[in-house]
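Residues per chain, in single letters:
Protein chains: 2
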Amino acid sequence: MSTLGNSTNIFWHDCAVGKVERQKLLNQQGCVVWITGLSGSGKSTLACSVGRELHSRGKLSYVLDGDNLRHGLNKNLGFKPEERTENIRRVGEVAKLFADAGLICIASLISPYRKDRDACRSMVPDASFIEVFMNMPLEVCELRDPKGLYKLARAGKIKGFTGIDDPYEPPLNCEIEIRQKDGICPAPCEMAGQVISYLDEKGYLHAH
Amino acid sequence: MSTLGNSTNIFWHDCAVGKVERQKLLNQQGCVVWITGLSGSGKSTLACSVGRELHSRGKLSYVLDGDNLRHGLNKNLGFKPEERTENIRRVGEVAKLFADAGLICIASLISPYRKDRDACRSMVPDASFIEVFMNMPLEVCELRDPKGLYKLARAGKIKGFTGIDDPYEPPLNCEIEIRQKDGICPAPCEMAGQVISYLDEKGYLHAH
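Chains as they are written, first to last, in the UniProt record's numbering: chain A, 1 to 208; chain B, 1 to 208.
If we strip away everything but chain A, and leave its shape as in the complex, we get:
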C-alpha cells in the first residue's frame, strides 16, 4: 500500500479521525431523533418517512427500532420495569454511538417514562437530542391497533400495556410535537416534513 508509506511521521496513538471529520465527510451533523409515543401512534411510519426523505437529500441516517432491537441487542430483556429501563438505556447508548459516528440516528420506541428518555438525552452532547412526541389520542391508536396488542391488553392477556394499565408520561419540553389538526392525523410526508424542517433550521443537514 504505497499511499500508506507517506503516513509514517504521523503520531499513530493520537486517533485523529473524530466526529468533526466524519461530519465533514458526510456533510451533516450527527444527532439523535428520538420518537416517543403510544403503540400505534405512528412512530415507525414517521421514522421510515424521515429516513427516506433524508436519503433523498443525500444524508445518512439509521433507524433504531425498539421492536427490532428486542430480537438482537436486547433479546435478553423482558418487560419488567427494570428491564424496560435497561432496554431504553441500551438503545440510548447505541444512538449516542451512531450520532458520534456522524449519522442522524432515528430511534423509535414507546419509551413511556420521562426519566428513561431524559437519561438518554443526557448521554448526548447538548441540543443533539431531538425528542419527537407522537401526540395521538389513545382512541386513535387503539382503533388502528396495527399489531392487535390493544385488543389483547383490554382482554387482560397482556399486563402492563402502555396506555391501558401502564402510564405514558408525555414529554414536558420536546423539540417536536406531532398532533392531529382538526381531528385529522397528518400524512406521513407532512409529519416527516416537520422533522426535516427542524433538522434543516438547526443546521444538522450540513457540516459546520
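In short, the hints are calculated from the structure, not lab data. Some clues are possibly wrong.
As the list makes no split between identical chains, a pair holds if one copy fits it or if it spans any two.
To be verified - Straight line, CA to CA, 30 Å or less: simulated BS3-like cross-link-like pairs of lysine-lysine:
hint : residue 1 : residue 2
1    : Lys19     : Lys157
2    : Lys75     : Lys157
3    : Lys181    : Lys115
4    : Lys157    : Lys202
5    : Lys24     : Lys115
6    : Lys75     : Lys202
7    : Lys24     : Lys157
8    : Lys19     : Lys147
On the provided structure of chain A, position chain B as indicated by the hints.
For chain B alone, kept in the frame of chain A given last:
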C-alpha cells in the same frame, strides 16, 4: 416542505431505504473488522490506523473500542465469564447494526474466547465479518504493558487476566493475521495496509 409534497404517492409503510441504498450513498460496503488479541498487542493502534487510512480515502468507518464501551453500553457488566460473554455479544450486536448502516465498523476487543468471536461472526451476513488476529508474542505485549496491567496480573492483583491466568484462544481461520517479521513488529501503517488491502481486494471500498 414543498419537496415532500411530491412524495404522497409513495407507499409509506414500505421502508425502502435499506443497506443497499446506504452503501450506494457511501460508495462502500458495510462490514465488521474484528480485531482480537492480547492486551498490549496493538489492537487500538491498528484500529486507529485503519480508521485514519479509510477516512483519507473518503470512507466512513467507526471504531468500537472494548474499553470505551465499558464506560457506556457495557458499564453494567463486570469481568465474570458470563459478563465477558455478554460484553462481547453486545459489541457484536452493535457492530452488526453499524455494518447494516453501511459503515466499516472496526471492533477492537481482546475477545479471548473463540466461541464468543464465532457468535459475533454468525450475527452478520456471510463474509462481512473480517477477523484480524494480532498475533504478537506474550513477551512483547508484557514488555510494552501500556496500561500496567501485566504487572498487576503477575503480582496477583488482577485475577483472570488473559495470557497470564486466563487463556487466549487464537483464531483457527481468521481472515487476516498480523505478526512479527524477523522478530520485528510491523509499523502501524504497515499493519493498516494489510487490512486496507484486504478490504480493497474484497470490494468493500466500493458500492456494488
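Status of the hints after comparison with the structure:
1. Proximity of Lys19 to Lys157 under the C-alpha cut-off of 30 Å is found in neither arrangement, the shortest distances being 46 Å within a copy and 37 Å between copies.
2. Proximity of Lys75 and Lys157 under a CA criterion of 30 Å is satisfied intra-copy only: 21 Å inside one chain copy versus 35 Å between copies.
3. In this assembly of identical chains, Lys181 and Lys115 lie within 30 Å of each other by CA distance solely inside one copy; the values are 29 Å within and 55 Å between copies.
4. Taking CA atoms no more than 30 Å apart as the test, Lys157 paired with Lys202 passes in neither setting, with 44 Å inside one copy and 51 Å between copies.
5. Taking identical chains as interchangeable, the C-alpha atoms of Lys24 and Lys115 are never at most 30 Å apart, the minima being 33 Å within one chain and 39 Å between chains.
6. Neither within a single protomer nor between protomers do Lys75 and Lys202 lie at most 30 Å apart by alpha-carbon distance, with minima of 35 Å and 32 Å respectively.
7. For the homomeric pair Lys24 and Lys157, neither the shortest alpha-carbon distance inside one copy (51 Å) nor that between copies (45 Å) is at most 30 Å.
8. In this assembly of identical chains, Lys19 and Lys147 lie within 30 Å of each other by CA distance solely across copies; the values are 26 Å between and 38 Å within a copy.
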